[in-house]
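Number of protein chains: 2
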Amino acid sequence: MSLHSPETGTDAAPRRGRGRPRKTADERDDGNRRQDLLRAAARLFRSQGFAATSTRDIAAAAGMRSGSPFYHFDNKEALLAVVMQEGMESATARQAAAMERSTTGLRRGQTLSAREALRVLVRNHFDVLLGPDSDFIPVMLYEWRSLSEAQRIEVKRLKDGYEAVWVPVLQALHASGELQGDPALSRLMIFGALNWSVQWFDARRKATLDDLTEAALQLFLKEAK
Amino acid sequence: MSLHSPETGTDAAPRRGRGRPRKTADERDDGNRRQDLLRAAARLFRSQGFAATSTRDIAAAAGMRSGSPFYHFDNKEALLAVVMQEGMESATARQAAAMERSTTGLRRGQTLSAREALRVLVRNHFDVLLGPDSDFIPVMLYEWRSLSEAQRIEVKRLKDGYEAVWVPVLQALHASGELQGDPALSRLMIFGALNWSVQWFDARRKATLDDLTEAALQLFLKEAK
DNA sequence: CCTACCGATCGGTAGG
DNA sequence: CCTACCGATCGGTAGG
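Keeping their order, the protein sequence lines are chains S and A.
Quick note on our numbering: the first sequence kicks off at 403 and runs consecutively.
Quick note on our numbering: the second sequence kicks off at 403 and runs consecutively.
Warning: the hint list may mix true and false statements.
As the list makes no split between identical chains, a pair holds if one copy fits it or if it spans any two.
Stated by the list, open to error - Each computed EDC-like pair below joins lysine to aspartate or glutamate, with the alpha-carbon atoms no more than 20 Å apart: (1) Lys561 <-> Asp604; (2) Lys561 <-> Glu545; (3) Lys608 <-> Asp584; (4) Lys558 <-> Asp604; (5) Lys558 <-> Asp537.
Treat the hints as calculated values from the structure; they're not laboratory data.
Construct the entire structure; sequences and hints are all you get.
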């Protein structure tokens, strides 16, 4: 919802006289105008794609004029890179918190089984992909090619950190026979199965994120031997 | 590889005198100039995305001048839609042929097990996604949102036809206990696992499409009860 | 299928 | 952060 009427024709519409309405106190700076831009960019990049989204669209969605995003970001690509970086940092923090919660809930001496650990990771991943405020990670997944080479390296580093938590869990499941086949290929296919949900999941339908988690575990895991 | 030097500045460069070189006999019409455009478009849409690919890029890749694609297609969107439609028709035909081959190879009275049928479908799907001439289907998978509503309906119809072959196979595997959990969710996740390979598969690495097929079956299937 | 072109839009900037 | 603007590029077309 833009606060302004759309800019018609060139954005140098005369509009003399009393001019645009002043912004009220709580929409002025606050230091979070940059965050507003990032959220608007994430939403538009997700729904329309990076190349199909103009910086004017983003500005309007954040209640700014067409040139203003460039006060906060060097260029359009930098906006994309920051969306991905903040998304990955937030996702990694949420993942760590979810694992932490599950571990501290255990009785002394007890450890989280690999199966339960995978459930926590999968459930959190669905939340990151499909829950509230979930535009950032889908953008990272589906706009990879729009990054410059240097940006790709940085985002890949964050992505590797996120996935690293999964590796020992999948190895333990492989060792127990609950997961079969090459664990590296398994990991890629599991992420594929989960990440693809961005394409088809509809929150208005009946399936919940818990349902998806259960279906995923049933699909991937064998009984322990 | 364009036959022409790039058009510099406006595409109304003077270039008087002897003009551009005549095209030799075997690059002239043939009736397959349209196919050249489709192949070029599929390749560029896959690697750069629809919105980031200009109709000039496509024309150049097919050895044409900037206005010529519009002799063959009404507009850029129509090009995308035809890429997807031809891709789906070809994939469905190849899938039917693969199933046919596997069935006729059997001795009289024998039937293809559901497990073997799934192997054939998965292996063919990897070929469609990652084999030679495999640009069309990835474009369909990842440029869905660039279609108009009417085009989406038509492409969805073709996609449903392709997926319909999988449904009884997955149901049989569910009935035998080899596949667990809701078969509809299983199908979506299996396609996700396979389709995601477009993002990471590198033909120069060691894993073959047979390896991927084997890994997929090991990941999804339990032992028959 | 090419030539020559148009109107619209886009990313980005200087100066305030 | 806005105003006013620029050069480049884009999809598409008329006429041959």
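Consistency of the hints with the structure:
In this assembly of identical chains, Lys561 and Asp604 lie within 20 Å of each other by CA distance solely across copies; the values are 19 Å between and 25 Å within a copy. In this assembly of identical chains, Lys561 and Glu545 lie within 20 Å of each other by CA distance solely inside one copy; the values are 14 Å within and 24 Å between copies. Within a single copy, Lys608 and Asp584 get their C-alpha atoms only as close as 34 Å, which misses the 20 Å cut-off; across copies the closest is 13 Å, which meets it. For the identical chains of this complex, Lys558 and Asp604 are inter-copy neighbours only, at 17 Å across copies versus 28 Å inside a copy, given an alpha-carbon limit of 20 Å.
Only within a single protomer do Lys558 and Asp537 lie at most 20 Å apart by alpha-carbon distance; the minimum there is 18 Å, versus 25 Å between protomers.
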